[in-house]
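So the protein lines, in turn, are chains A and B. Numbered as in my numbering, the first sequence ends at 409 without a single skipped number. Numbered as in my numbering, the second sequence ends at 1219 without a single skipped number.
It should be emphasised that the hints constitute simulated quantities derived from the structure, not laboratory data. Among the hints, erroneous ones may be present.
Claimed, not checked - Straight-line Cα separation of at most 27 Å, DSS-like style, residue types lysine-lysine; simulated pairs:
1. A:Lys176 <-> B:Lys434
2. B:Lys564 <-> B:Lys769
3. B:Lys434 <-> A:Lys157
4. A:Lys52 <-> B:Lys518
5. B:Lys775 <-> B:Lys689
Keep in mind the model is a prediction, meaning the values are calculated, not measured.
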Amino acid sequence: MARKAKRDLTMEEQLARGPLDLPFLMLVLMLLGIGLIMLFSASYYTALRDSKPPVNNNPYFYITRQAMYAGGGLLGMYVISKINYQRFRWMAPILLGISIVLLVLCYVPGIQVRINDVRRWLKVFLVAGPTFQPSEVAKIAVVLFFAARLSKRDTEKQLRFTRRTNTGRALNFLEKVGFLELVPYGVTLLLVLVLVVFEPHMSGTILIALGAASVLLVSGISLRWFFLAGGVGGLGLWIIATQTNYLTRKLTIWLDPWGAEAQSDGYQFRQGIYSIASGGLLGRGLGESNQKYGFVPEPENDMIFSIGVEELGFVGACLILLLFSLLILRGYWLALHARDKFGMLTIVGIITLLAAQVFFNIGVVTGLIPNTGISLPFFSYGGTALMIQLGEMGIVLSIARQIPAPRKD
Amino acid sequence: MRNGRERSMSRMAVPTGATRGTHSKRSIINRTFFLMVLCGVLMFVPLVWKLYDIAIVHHDEFQKKASDQQTLDYPITADRGNIYDRNGNVMAMSATVYNLIFSANDLVKSVSNKDEDGKPLEDDVYQAKVSARQDQMVGELMALFPDLDRETVEKQVRNTKSYYWVVKKGIEEEEHKTLQEYIVEHKSSTFLYQEPDTKRYYPYSGLAAQALGFVNSKGGAYGIEAVYNDVLEGTAGRVTTTRTAGGTERYNAYANYIDAINGYDLTLTIDTTIQSYLEKTLEEGIEEFDVREGAFGIAMDPKTGALLGIASSPDFDPNNYSTIINDLLLENLEPNAQKIFEKLKANNEENLPDSELMEKAESQAKSDALNTQWRSRAIDSRYQPGSTFKALVLAAALEEGVVSESDTFYCSGSVMVPGYDEPIHCSQRSGHKQQTLAEAVGNSCNPAFIEIGSRLGIDKFYDYYLAFGMGEKTGVDLPGEASLAGSIWDRNKMSNVDLAVASFGQNFEVTPLQMICGFAAVINGGNLVKPYVVQSISTRDGTVVQNTQPEVVRQVVSQQTSQRAADILERVVSQGTGKNAYVAGYRIGGKTGSSETGIKDRTLVSFMGYAPADDPQVIVLIAYDCPQPSEPGGKFSTTGVYISGGHMAAPKAGSLIAQILDYMGVEKIYNADESAAVDVSMPKVTGVPVGEAESALKDRNLKFRTIGSGDTVSRQIPAAGTSIPGGSTVILYLGDAVPEESAPVPNVTGMTYEAAKSTLEKAGFFMRASGVSVYYSNSTTAERQSVDGGDVAAIGSVIDVRFFDAVRDN
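Work out the full structure, taking the sequences as your base and the hints as a guide.
Given below as C-alpha cells:
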C-alpha cells in the first residue's frame, strides 16, 4: 500500500503521524534497560541453581526470556504508538468483553493454569504457549472502556423520568445526584473485580480498582462517590482483614516482621531488608549482591528492587525512583496536554496504574505497607506482563503523537 | 460564572436538559494535576524516607545480620606431624579417614509425598511409605555393616529429628571409595554422606605406648603427643568467604584464605628395636616370676641421657587407647568393680538402686584400669631404689675420700645403729664376715654401707643426694614426672637411723628416671645428664628446626672416682650379687636391688646395669613390682624363683644388655677364661695318628679321651666341623671301636659346673655353659639344660646348660 501523501490525509490522520514523545520514550527505555540489567544480576544465581526444566541450571534463562519479551514489547509499543488512538474508542468494549471472557476461562478446568489452587493464569494460545495473567489485560481494558465512555460524559444528556410515580421520582433523584450515571461503570467494574478477586488475586483487584477509580476521578465524577466507595471499601477491607486468617496474618507480619509470629512468613521480607541495608549509600556495586545467593527468595521477582538497592545503594535506588517519578510526571503532563478527553483519561488510567504498582512494590519491599505481591514494572521477571506494560506505554505514546505542537511564532 | 450556574442548576429538583458531565475542563485539570503531584512526587516521599531509614540509618545493624548469615568461616586442618624413632621408623603418623554420617530427617524428606501423578498422598499412606523406606534403610545399613547393633540402627533411623548420626568412624581410603560408589548408586547422598577426618596411626601398636601417648579429639592427651602437641599439631588455616544460602562456598575476591601450617615431625632418641627388647624383657619377667603389680624399664645412653627405650607394664595400644588389653588388668576389673561397689553401697547417701551403683562401680573400675595402663611408671611413680642406690653412696664416699679400695668391713649379719632399738639385718643373716670394699659392694652388704654412710655423715650424704639429682625433677621432655614432695626427710630432720637405712636405699623415694640418671653419673665419668626423648624437630621436607644437644646438669664426682666406682660395680656382676646378669664377652657392670614397698609380700626387684664397663654405651634399669610369693611371707615366687633383684631382675637385664649391645654392634671381647670356653670348630682327625691328632686338638683348646686300641684314629666324636665349646673333651675311637649312635642325656640340674661337665662328657655329650660368669663357685648350680635328662640325643650333641648363682642379695 502506497503511503498517502500528507495533503491527502485527514486532520486526524495527520495528527496520528505526529512525533513520538521523546522524553517519555527515553524514560521508558532507560527504565527498561536498567530493569533488564538488574534482572540479570538478580536472577543469575537462582537460575544457576534451578535444575528443573525449563531452567535447567541455565544462568541466562531469565534474562534471555525477559530480553526477548522486552524486544517484542518494544516492537509492540512502537506499533501501538502508530495506531490512531481514536480507534481504541470502539476497540475498548470489545477488549473489555474479551478480557471478561478470559477471566471466566480462568475458572474453566482444562484451560486454566492452576498453581497451588490459584487460577490467575492462562496460556497465550489457551492450550499452549507461555502463560499470562488475564487480569493484566483486564486492567487496560477497564481503563480504556471507562475512558472511552466517560469522555462522552460532557455530551451525554441527563436522563429524565416521569415525576408521577415514586419510582420515577426516585430515579430522577438518583440521576440528579449522579448515581444512575455510575451504574454501568459499577456493574462492569464489580464483575471484573469479582472475577479477579476469586482467582484469588488480591493485588490485581486493587490495581484494577485503582485504575478505574483514577479515570472516574479525573472524568469529573462527584467526589462524594469516592468518599462513599472509599468508606465502603475500607470497611470491607477492615472486615476481611480482621475476619480472615489470611489477611490477619499478613497484617501481623507487617506490623512485627521480626517477631516470633513472623518467623517463617516474614523471612522473605527480612531478607529484603538485609539486602537494602547492605547497600548503604553507594551499594556493593553492580552484580555484587550477597543476598541474591539464595537468601532473598525469588530475587528476580517481587523482591528485585531490594537486590537493586544492595548493588546500587541508596543513591542508585533514588535515581531509579527519580526515573519513575519523571516518567509518571511526564505521563500526567501528556494527559494534561492530550488532544481530547479520551486520550487524557486513558493516560491518567495507565500512568496511575504504573504509579500504583511502583508504590505498592517498593512499599512492600521497604515495609511501608503489608505484603501485596505486586511486581515492579520494567524490573520484575514476567514476559507477558512486560509486553502488556510496554503496550500500555505504546498507547500513551500514540495519544502523545496527537498533541498539537506549540505554535511557532 | 459557570460554577455558579452549575450550583444553581443542581439545586433544582428536576433534571434539566443538562449533560451529565460539565463542559468545564477546570476540575478535570485540577484532578489530573492532583494525581500528578500525588503519584509523581508525594508518593515517593515515604518510599525514599523508608529507604533512607533502612539503607542509611539502620545500615550497620542490618548489614551485620546479613553478613552473619552470608559469611562462611571454617578452619583448614593442619596435618599432624609424624613421630619417628632414632632410625627413622615411623612410630606415629596421621592419615585421612572418613566418618559415615546418616541424617534420619533427610531420609524422610527424600520420600516424596506425592504419587506418580503428582497428587498429594493421604497422610497415612505417606506415613506408611516413610516407614517402609526406613525399614529398607535399616536393612541396607545392616547389610553394609553387619557389626552394628540392630536395635541402635532401628532407633537412629527412626529418630526423624536427628540430622547427624555417625554410623561408622575411621573409614579408610579403600572402604571410603566403595561406600562412595554405593551412595551414588543408591542415590543416598542427601541423607548418607562421608565426612573427612584424621586418624592417628601407631604402626608399632603398643610399642612405647606410654612414651608416645595418644591423641584424642582435643589433641595430644598423653606422652610425647601431649608434651609436643603444639609442635606436632601445626597451625590450622582458615577460610573466610561469603556463602550461598545453601551453605556452599562462593569463590570471589572477598574470600580470605590462610593456609594451614603442617605440624613438625619429631625424631625420637627411642630405638624401636631396643624398645621392643625392653618390653619383651618386662613381659617375660612378669610371666616367669608371676609379677602382680607391673614392671618398668628404662634404657638410656649414659653419656648423653638419650632415652633408647622406656617402658611400663601394663601397657596399651594407642590405636585403641580405650581398650584394656593387659590380662592382669582385665582379670582385676571385676574384683575391683566389686570392691568399689561395696564401698559405694556402704556410703550410699542418695539411695541409688544396686544396679546403678554397680554401673558406677564398673565404669570407675574401667577408668582406673585405663589410667593405670596410660601411666608411664618409669616417670610418674616413685619407688624406694633399694640396693641400687648403694652405687651412689659408694661414689660419694670415694669422692669424699672416706673409703678406699683397701678398706675392709666386717659384717656379723646385723648391726645396731644408735637411736634404733633393733639390729638392722644384712640380707645374709649369717653375715659376710671380713670383706674388702669391692666385696662389700659385691655382697650388697648392708652393715658395710651403714658404716660408709656414717663416714659420709648426714650433710655430705644429703649434698650428694641432691647433687645426683634426687631432689629435683630430671626435666625430661615427657609428661607427668612425679612430684618429689615428701620423697625424703628434710635435711635438718634427718637422723642417724635415717642415714643408716638411706645408705642402702630404703625409706626414701625417687623416680626410676632419676635413679637411672644418678647411676649414670656414677659410671659415665661423673656427669649428671638431663634425659631426653626427642632428638630433633624437623619440617615435613626434612629440614631440622631444632636438634637436642645433650645437656650436663653438673659434674657430681670426678672422672677418677667414677672410674673407681665403675670397676667395683663391674665386679658385682662378675663376682657378686649381680652374677646372674653376666654375659660372656661383654663387660657388664651393675647393681641389684630389692626394695621394700611398705606393703607385706610386695617386693620391687630391680637391676641397674650398664655395659661395656670401660666405655658405657647403654645403661638399663629393670624392675618388677611384686613377684607373687608362693605363700604369705614366702621367699620364693609361685614360679619357684627366689624373690630378689639378683635372681629375677639381674638375669633378665643381663640378657637384655647383651641383646642391646649385639644390636648396637659392640664387639664381644673375651677374657682368658671366657675365650677358653668359646666355641671352636672340631678338626678332622680321623685317619691320623693319635699323636698328630693330639696336637691338632690342643691347638684348638680341646681335650680328648680315647676308646679302643690302636695308633690311628678311626672315628671321632663329634664330626669334623662341629662347633663345641673350648675345653671340652672329645672322644677319639681307635682301631675297631665303634661309637653308639645315640644315648640318653644325663640329668645335670643342680650339679656344679665341673660335675655337670664331666657327667655329660662321660655320656658322650658336650656342655655349653651360660648364665653366670666364669668364676664358678660352689653356689653356682646348673638350673636348666637344653635337652632334658633322660631324653635320647645323638652322641656328640652339644647340650646347653644354664647356670645360676644362688646369691644372697637385697
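Results of checking the hints against the structure:
1. A:Lys176 <-> B:Lys434: Satisfied, since the Cα-Cα distance of roughly 20 Å is no more than 27 Å.
2. B:Lys564 <-> B:Lys769: Roughly 25 Å between the alpha carbons, so the hint for B:Lys564 and B:Lys769 holds.
3. B:Lys434 <-> A:Lys157: holds (18 Å)
4. A:Lys52 <-> B:Lys518: holds (18 Å)
5. B:Lys775 <-> B:Lys689: holds (26 Å)
Going through the hint list in order, the structure satisfies each hint without exception.
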